[in-house]
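Quick note, the sequences are listed as chains A and B, same order.
Using my numbering, read the first sequence as starting at 1 and increasing by one per residue.
Using my numbering, read the second sequence as starting at 1 and increasing by one per residue.
Please note that a few of the clues may not be correct.
Any copy, or any two copies together, can satisfy a pair, since identical chains are not distinguished.
[What the hints assert, rightly or not] Distance condition first, Cα-Cα at most 20 Å in a straight line; then the derived SDA-like pairs of lysine to any residue:
1) Lys119 / Ala144
2) Lys58 / Ala144
3) Lys119 / Gly143
4) Lys119 / Met81
Just so you know, these hints were derived from the structure itself, not from any lab.
Below, each chain spelled out in residue letters.
Protein chains: 2
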Amino acid sequence: MTTGHVFIATSLDGFIARRDGAIDWLPGLETDPGENYGYDGFIESIDGLVMGRNSFEKALEFETWPYSRPTIVLSHTLDDMALRGDIRKAVEISRLAPGDLMAALAQRGWSRVHVDGGKVIQSFLREGLIADMVITRVPVLLGAGLPLFGALPADVSLAHDETRAYPSGLVQSRYRVR
Amino acid sequence: MTTGHVFIATSLDGFIARRDGAIDWLPGLETDPGENYGYDGFIESIDGLVMGRNSFEKALEFETWPYSRPTIVLSHTLDDMALRGDIRKAVEISRLAPGDLMAALAQRGWSRVHVDGGKVIQSFLREGLIADMVITRVPVLLGAGLPLFGALPADVSLAHDETRAYPSGLVQSRYRVR
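Kindly generate the complete structure, drawing on both the sequences and the hints.
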């Protein structure tokens, strides 16, 4: 079975971006020189990414495509044909529902998927497709923005694995979904 | 000057209670026998509490009044005269705005106030009256409820002081408001 894995930063009040998608409040690399907060190790452990259109459009703003693993973009409005030439090999658009997508990815031999973006994480959590989450808290309150979490059909009980505080003030916790 | 201090538990998705005020998802004392998560030390450090009507009515559900420090309840609808006999010495109703209340408490010689309850914490944060917050994360997602944080006129930058993970899975972080 293919499992979903979250690795994401939020403000202390639970937002992953401002309302307009801005992530200016995330500390830059200069805050902890040489520190990648475990991201490189996480990326090495996954077979590919699943994200929504918002995260995809955010990624397109980088000069070069920022992800080294194959990426599935969940969208009903985008089309493979419209993809920029340089990312056509890295990115695939899918209209599948979360469960159907995970079944399709299992067929391809993917075992671990990085699930990214608020709405996509929420829909995968609702379907019970997330195995664990690494959440890094940035010491700031934004007051408004795009939330990491959303409505659920029932409580989701978690097991705390590990927490690490960084000199920059970021606090990273890993939880398994029970 | 009198400073406001927060000591509160939230679900991982940032709720301090379910929509109806229920806190059944908070771990009981049996989870970490003899562990009070630093609450006793915190209470010893404060001169009194400020809370809203919701927290007050929650406290009234206990067989005996649960707070050992003088308590101010912010309410426009309650009245001192309506207070139950056994808590008349412990509780006072106030209609003052946060800043005016803190000025009045300073006059009384209070230096540290425990600010409790979502709406009251949010209004004190908006007025810059909170000095630090101890937030204890319970490893559960509720999906809905009464949020700890709310809208703000601007970002609130925090400094991370300390984080401690408990065997029960609770993770407690202390932040100073910059």
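**Request:** Pop the pair Lys119 and Gly143 into one bin, within, between, both or neither, using alpha-carbon distances up to 20 Å.
**Result:** For Lys119 and Gly143, both the intra-copy (19 Å) and inter-copy (13 Å) Cα distances are at most 20 Å.
**Alpha-carbon proximity context of Lys119 and Ala144, limit 20 Å** = both (16 Å within a copy, 15 Å between copies)
**Request:** Using 20 Å as the alpha carbon limit, work out where Lys119 and Met81 are close: within a copy, between copies, both or neither.
**Result:** Cα proximity of Lys119 and Met81: none, with 24 Å in one copy and 49 Å across.
**Message:** As a check of your reading, is Lys58 near Ala144 (CA-CA no more than 20 Å) within one copy, between copies, both or neither?
**Reply:** Classified as within; 19 Å inside a copy, 28 Å across copies.
In this structure, only the earlier hint numbered 4 is contradicted, and the remaining ones agree with it.
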